[in-house]
Structures are given as structure tokens and as C-alpha cells.
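Chemist: Single-letter residue listing:
There are 2 protein chains.
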Amino acid sequence: MKHRLAFFRFACVLLLLSVTAMAEDPLPSWNDGAAKQAILNFVRTTTDPSHPNFVPAEQRIATFDQDGTTWVEHPIFPEDIFAFDRIVAVAPQHPEWKTTRPFATILSGDKEAMTKLGAEDLENILLATHSGMAVEEFHTMASDWIATAKHPRWQRPYTELVYQPMLEVMRYLRANGYKTYMVTGGDQEFVRSYAEKVYGIPPEQVIGSTVAIQFTYNKDGQGILTRPPKMLLNDKFSGKAEDIYLFTGRHSKAAFGNSTGDQQMLEYTQAGGGASLMMLVLHDDAEREYAYGPAQGLPDTKFGTFTQALYDEARAKGWTVISMKKDWRHIFSFQE
Amino acid sequence: MKHRLAFFRFACVLLLLSVTAMAEDPLPSWNDGAAKQAILNFVRTTTDPSHPNFVPAEQRIATFDQDGTTWVEHPIFPEDIFAFDRIVAVAPQHPEWKTTRPFATILSGDKEAMTKLGAEDLENILLATHSGMAVEEFHTMASDWIATAKHPRWQRPYTELVYQPMLEVMRYLRANGYKTYMVTGGDQEFVRSYAEKVYGIPPEQVIGSTVAIQFTYNKDGQGILTRPPKMLLNDKFSGKAEDIYLFTGRHSKAAFGNSTGDQQMLEYTQAGGGASLMMLVLHDDAEREYAYGPAQGLPDTKFGTFTQALYDEARAKGWTVISMKKDWRHIFSFQE
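Taken in sequence, the protein lines are chains A and U.
Residue numbers for the first sequence follow this note's numbering, so the first one is 1 and each next one is one higher.
Residue numbers for the second sequence follow this note's numbering, so the first one is 1 and each next one is one higher.
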């Protein structure tokens, strides 16, 4: 009896310790390993005033790519689906589209053909659907769509297909004084329409590709802002590094990506000197999400991919590759 | 004796009341009047959750033009003087400038001729001096210059020629949850080099004209950002309204300007709906600062001016015109 009581006490202490440890783990969806340790170590050392890696509060900037880094981009970028849906919605006003490439492909409903559209076709589709209206009008189109559209595989809203481990990293960074920025090849206004709700990132911390914004007067003489069909910023590849500086005048200290489209953002983060954290998400989990990229013998994504050269660069420069399969205990919140 | 004591007590109470009132006045450099009341009223009502003008914390955005609104722009914009000084500094590497317009005008040292340079000449001078280097290099050039250059009239650094009443407005707005942005026709990086120190405005809240920013690799293969000779953003006139939205995805709630270069920023602030504050600084104090613009029968500033049409628009739309002469008790901190 005495032994049993001692054992019970011992078990209670163990349970208490483990519950405390769980409560204190800022990254519960991450398995222990090099990736999780890299994040914990970066935050611990850069917020410790006595550590050589210390980063003053005002310089704590963390930047995240979106597609494939914080939410599902496969098999088609969610924003491309939004554009395809818009084409269908406004097609009655454009009878010529029935026989015009690339619009005819969208209107045919041939999903296989849609995944094979080239970069130029997609750009034309994006321009046609993302311009020609007031900024508020486009914002509403985007937020209406995101509230109802569903991913074909999970039949859930795209906003539920954000990666729980990355949400934890964002919260953990913010709790330690980092400003989190979304730096996306997608349209800035599209992402701003849900980024605060989904990622806790306010509109002024969303940097993205965009058409120009043009001030003009409406028929009542009131000032309005419209979206002319002319690209202004392209936040892929070099554009990410350039526009982080354009918007903030600062270096990113931590950068998260998943493809060559994020390469320069990570390179420039590292080039800033002092402490830095560069991470790349590797899609190697066909069961819970997807496995793609040349390493997996599957087709590339449209605007950049996780090439062998990028993988080699990451290894050579001390960047951290996140294996979705090994490093992430959960991928989506609904799997918890 | 008894009466004297009573009088002394009464005087003490008066003194105490007036000291308390002074301590509580967030705008001590402002004389009482419509302009000061407009600011106090705007802040009081937009931060009162029970008032119909209430503005939620995340939407509290205030935008300030710089030249002529928060510091002296007369007789030549400080940044133009910086550009002229740069021309002189690098002239030995450009012998052809001695005979090339507009560079020859600068190298001649003829101050009168410099004030008469046209917009196109100035643009060429700005492009020649503001591009062709790494972003950090330009930043250092600007901060080195601003630390040593002096205004010809007061023989003081330009950063001492900021308007004390406007600094008080910025502090007062920030103390009430407003994010203050500088939205300047001047170069964004130039202004970022001193905005935090001078205005308490961090680099990410400085929106300004800028050449493009270009990512490239240096000879060691490291990523760097350079400034090619190509304009990307022009934050005068419509550009102010457009780029506030580009950078923040939000409407400005309070906007401060002094010329037609700020007109659209004020118009779009008012068009946002709900509470808004639009203010224009009128330079009507030749003794303590300057009096200029057509109303004063003096030459226009280069990139916009306080025209009669703007004055009429302000009156018609309920904007507040700040008279430097009547509304400001002090203009510069060194006059206190």
C-alpha cells in the first residue's frame, strides 16, 4: 500500500511535469528535431540582451511566403482558382472569351487543361480578373470568394488549409516582439482580405504582387482608388527581397519559403548580417498533404519549385529544410 | 491680514489650476482657436467608444506631408540642396557636367539660377544623385548630409527647422493610438534616414517617392539591393492617396498637407467615410518663417502650392486651414 501510494505520487509528479512542459511548448505541432530547435534557438538568442545574436526590438522582422509555405498550393494556387471562378462569373459580359485563349480553357471546365496553363496564360487571366474595378470592390470579391470556396480534396475552405505549425511559429515570433509580414507572389489585396483573420497579420504587413493603384474621381466628384490593368509589383523571386525593403526600409531577420520563388528573400535575409533564420518547407508528405517537386518525381509548381540546386544552397548556407512528414506532428488544425 | 491670506490662497488655487491646465495641454505650441480645437475634438471623439465618430484602434492612421507641412521647404526643398551638394561632390567624375544642363547651373554656384530650375531639370538632378548605388550607401549619404547641412537663413540643421506644433500633433495622435505616417514627395530613403530620430516615425511608416529597388549579387555572390535610375513611386498629388493604400491597405483618418501636392491625400481621407480630419498649413508668417503662395503675392513652390482653388475647396469641404501666424505660438523648438 505504501509503495502504491509512492508510485501514485511519483506518477502525479511526472504528469504534472509533462503537462507543464506541454503548456510551455510554444510549438506543440512540431516534432522535436533540428527544425524545431532552430526556431527555438533563434528566438531565445535574438531576444537575450546578453547574447551576441541579440536583435533590438524595432529590427525584429519575420517574413513568410504564403503559397506552399503557410497554406496548401497544390494542385492549383487558390488564387488561380479564384481567378478561374471570376472568369466564369463575368463570361456573359465577354462572349469573345468562348473562343479566345486562355479564357476558353477556363470556360471549358477541363480541370486537367487548367493545371497545364503556362505562366503567360495565367498572367493574362490574373490581369483580366484582378483589374478594372475600385480597390474596395476587389477586396469584397476576394473575401466573398474565400468565405465560400472549398479545396477539391478536403472539401474545406482554403483558410482551414493553413499549416498549424506555421501559425504557431508566427504567434511565437510575435510573442517575442517580432513583426510578422506576409510576402506573397499572390495579389496583395487578395491576401489582405483574409490575412488578419487567418494569420493575425494586419493589411499593412501584407506585401504582395499588385496591379497599379490609381486615384480618380467618381461621377459625384469623390476621390476613389481603382485598379488599372498594369502590373506594379511582382513579389516572386527578386521582388520579395526588393519589396520587403521598399515597404519597411529594413532587413528581414527570419524568412520562410518553399521554392526558388523565395530564394532571394532568404539570401537577402542572411546577407543582412547578425542573427538570421532561413527556412524552407519541403513537401514530402503525400499522405497528409502532398509530395511534389523534382525530388519527388512530380511536376513543378508554376512559379518556382524546390529544386535540387535550392536544396544544395540551403545545405551549403546553413538554412533549415523543414520536412512536413518528419517535422510536423500535425499539418492542419482539424487533424489535431 | 485675513484678507491678504484669503487672496494668497485664491492666487495659489489659480496658479495650481493654470499649472495643471498647462501640464494637461497636449498642444502647448498652439494658440487657442479653430485649428487647435479641430485637432482636440477629432482625437477626443474618435477615441470615445460611445461617440458616433469612434474609430477602432487598428484603423487609426494619420498621414503627414513633409516639405512645408512638418519642416521648412523655403526657399529650396532641403532634399534639392542635398542633391545639389551631391552634384558638386561627384562632379570630378563627370567632367561633361561643366557644360551640360542642368548640372552646369549647379556647378556655377549661382543660387538665384538654382531656385529657377524647372521640374524636369530637378528630376534629372534627383535621378543622377539618387540612383546608381546600394540602398545602404544612399542611406548613409543622406544621414551624413542631414547631420551637417545648415539652412542659409537660420544657420541651423534642417532637422531643427521642423515645426514644433506638428511634432506635438504627432505625439498627441500616437498617445491616442494613432499610427503616424510620413507621406512625402521627397525620396523615401532620404526621409527614412532621419524620420525616426526627428519625428519618431519608424522607416516602415515613411512612404515616399523612390527609384526602383533592384536585387543583384555582388562580386562575392552575396545578395545586395541597388537603386537603378528608374522611378518607381511618385508621392506627389494622386501618388499620395495611391501609395497610402498600397502600403497600408487602409484609409487615412487624419491628413496634414500644405499644397495642391497634398490635395488628393486630403480628398481621399475625407472620402473614406466616418470621422476624418483634413488640415492645410498656410505659410503666412514672413517674420518667423515665410509667407508665400499666390495669396501672398510670392512665387509658387516647385511641386504644388496653396492656390486660391485649394483654399476654396478647403472652405467648401470643411477642411481646416492652419495659419502659422495666428495658430502657432511657437514655430521651432529653439524659439520656445
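Keep in mind the hints are simulated off the structure, nothing from the lab.
Fair warning: this is a prediction, and the values are worked out from it, not measured in the lab.
Incorrect hints may have been included.
Which copy is meant is left open, so a pair is good if it fits within one copy or across any two.
Unchecked claim - Calculated lysine to any residue pairs in the SDA-like style (CA-CA distance at most 20 angstroms, straight line): (1) Lys325 <-> Ala38; (2) Lys230 <-> Ala212; (3) Lys219 <-> Glu313; (4) Lys197 <-> Gln59; (5) Lys150 <-> Thr260.
Chemist: Hints first: check each against the structure and report whether it holds.
Modeler: Hints, verified against the model:
no.	hint	verdict
1	Lys325 <-> Ala38	within (17 angstroms within a copy, 59 angstroms between copies)
2	Lys230 <-> Ala212	both (6 angstroms within a copy, 16 angstroms between copies)
3	Lys219 <-> Glu313	between (55 angstroms within a copy, 17 angstroms between copies)
4	Lys197 <-> Gln59	between (25 angstroms within a copy, 15 angstroms between copies)
5	Lys150 <-> Thr260	neither (27 angstroms within a copy, 48 angstroms between copies)
Violation of the numbered hints given earlier is confined to hint 5; every other hint is satisfied by the structure.
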